[in-house]
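Colleague: Here is what each chain is made of, one letter per residue.
Protein chains: 2
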Amino acid sequence: MDLYIERGFDQTTVAQIAQRAGLTERTFFRYFADKREVLFWGSATLQELLVETLEGLPPSLAPIDAVAGALDVIAHGFEERRVFALRRQSVIASNPELQERELIKLESLTVATAQALRSRGASDLVATLSAHAGIAVFKVAFEQWVKDDGQITLAQFITASFTELKSVSAGGS
Amino acid sequence: MDLYIERGFDQTTVAQIAQRAGLTERTFFRYFADKREVLFWGSATLQELLVETLEGLPPSLAPIDAVAGALDVIAHGFEERRVFALRRQSVIASNPELQERELIKLESLTVATAQALRSRGASDLVATLSAHAGIAVFKVAFEQWVKDDGQITLAQFITASFTELKSVSAGGS
Numbered sequence: 001m002d003l004y005i006e007r008g009f010d011q012t013t014v015a016q017i018a019q020r021a022g023l024t025e026r027t028f029f030r031y032f033a034d035k036r037e038v039l040f041w042g043s044a045t046l047q048e049l050l051v052e053t054l055e056g057l058p059p060s061l062a063p064i065d066a067v068a069g070a071l072d073v074i075a076h077g078f079e080e081r082r083v084f085a086l087r088r089q090s091v092i093a094s095n096p097e098l099q100e101r102e103l104i105k106l107e108s109l110t111v112a113t114a115q116a117l118r119s120r121g122a123s124d125l126v127a128t129l130s131a132h133a134g135i136a137v138f139k140v141a142f143e144q145w146v147k148d149d150g151q152i153t154l155a156q157f158i159t160a161s162f163t164e165l166k167s168v169s170a171g172g173s
Numbered sequence: 001m002d003l004y005i006e007r008g009f010d011q012t013t014v015a016q017i018a019q020r021a022g023l024t025e026r027t028f029f030r031y032f033a034d035k036r037e038v039l040f041w042g043s044a045t046l047q048e049l050l051v052e053t054l055e056g057l058p059p060s061l062a063p064i065d066a067v068a069g070a071l072d073v074i075a076h077g078f079e080e081r082r083v084f085a086l087r088r089q090s091v092i093a094s095n096p097e098l099q100e101r102e103l104i105k106l107e108s109l110t111v112a113t114a115q116a117l118r119s120r121g122a123s124d125l126v127a128t129l130s131a132h133a134g135i136a137v138f139k140v141a142f143e144q145w146v147k148d149d150g151q152i153t154l155a156q157f158i159t160a161s162f163t164e165l166k167s168v169s170a171g172g173s
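Chains as they are written, first to last, in my numbering: chain B, 1 to 173; chain A, 1 to 173.
Accuracy of the hints is not assured; some may be wrong.
Pairs count within a copy or across copies, as identical chains cannot be separated in the list.
[Claimed, not checked] List of simulated lysine-lysine pairs, PhoX-like, C-alpha gap at most 25 Å:
#1 K166 to K147
#2 K35 to K166
#3 K105 to K35
Derived from the structure by calculation, the hints contain no laboratory data. The structure presented is a predicted model; accordingly, all values stated were derived computationally and were not measured.
Build the full structure now, drawing on both the sequences and the hints.
Modeller: Structure representation (C-alpha cells):
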C-alpha cells in the first residue's frame with residue numbers, strides 16, 4: 001500500500017508491488033486476482049468474523065440488535081489499525097474503480113449478514129432489511145470515524161448511528 | 001435487450017446491438033459508454049424523478065417518510081413496464097458484471113437521495129441513513145415484485161417493506 005500512496009494507484013504495477021513484497025508476479029496472482037484486491041484482503045476475514053460473531057450471540061436478540069452487537073465486537077479490532085485504515089481509505093477515495101470494488105465487498109458483507117440472520121430464524125424480508133440497514137450504519141459510522149480526529153472510537157460511532165437509525169426509521173409516525 | 005436474451009449478454013457485440021437498432025457503432029458510443037449501459041439508460045431518469053419528487057413533497061414530512069412518499073410516486077410508473085423490468089432483471093441476474101453496475105447505480109441513487117434530503121434540511125447523518133434505508137427498501141421490494149406473479153404492485157411491496165423497516169429498526173427496545 002505504500003506504493004499506492006507514493007506513486008498513486010493507477011501508476012503502480014503488479015510487478016512493482018510484487019518486487020516490494022519480495023514475491024514473484026506469479027506468486028502475487030496466486031493470492032490476489034488483481035491489484036485492486038490487495039486493498040481488500042481483509043474483507044473475507046471481516047465477513048467471516050461478522051458471521052461467526054452473529055452465530056454466537058443469544059438467539060433471543062432481535063435481528064437488528066444482533067447486527068449491532070456483532071458490529072460492536074468487530075469495531076474494537078479497528079482501533080489499533082486506525083493508521084492503516086486511514087491510509088487505505090485515502091487510496092480508495094482517490095479511485096472510482098476502487099470505490100466500486102468496495103461497494104461490491106459491502107454487498108457481499110450484506111448478503112452474508114442476511115444469511116446469518118436467516119440461520120438465526122429471521123424471515124427473508126426481516127433478514128434482508130436488517131442486514132442492509134446494519135451494513136449501511138457500519139458504512140456511515142466508518143466514514144465518520146475516518147474523518148474524525150481519533151477521539152471517538154468506531155464502536156461509539158456505530159452505537160450512535162444505530163440509535164439514529166431507530167429514530168430515523170420511526171419517521172413522523 | 002432482445003439480443004441479450006436471445007444470445008446472452010457476453011455473446012452480444014456492440015456491432016450487433018447497433019445494427020439491430022439501426023445505428024452505427026459510432027453513434028452507439030455517443031449514447032452509451034459501453035454495452036452494459038444499455039440496460040441502465042433509465043437510471044439517470046429515475047434518479048432525476050426521485051430527486052424532483054422529493055423536492056416537491058411537504059417540508060414537514062420526516063426524511064424517511066419523504067423517501068417513502070417519493071418512492072411510492074415513482075413505483076406506479078413501473079407497473080406498465082413490468083414485462084420489460086422482468087426481462088431486464090433476468091439478463092442482469094445472469095451476469096456478475098451487470099450486477100456490479102447495478103450496485104453502482106443504486107449507490108448513485110442513494111447519494112442523490114441523501115443530497116435531496118440535506119436540501120430539505122436534514123442533518124448529514126439523518127440524510128445518509130434515511131437514504132440508505134430507503135434505497136434498501138426499494139431494492140428489496142423490487143426483488144419481491146419481480147419474483148411475484150404480478151398481483152401485488154411495486155408500490156404495495158414498498159409500503160409493506162417500509163412498515164417492516166420501522167418494526168425491524170425498533171429492534172428489541
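Colleague: Now tell me if each hint is right for this structure.
Modeller: Here is how each hint holds up against the structure:
In the homo-oligomer, the alpha carbons of K166 and K147 lie at most 25 Å apart inside one protomer (23 Å), although the nearest pairing across protomers, at 29 Å, exceeds that limit. Taking the shortest Cα distances, K35 and K166 never come within 25 Å of each other, neither inside one copy (39 Å) nor across copies (41 Å). Proximity of K105 to K35 under the C-alpha cut-off of 25 Å is found in both arrangements, the shortest distances being 15 Å within a copy and 24 Å between copies.
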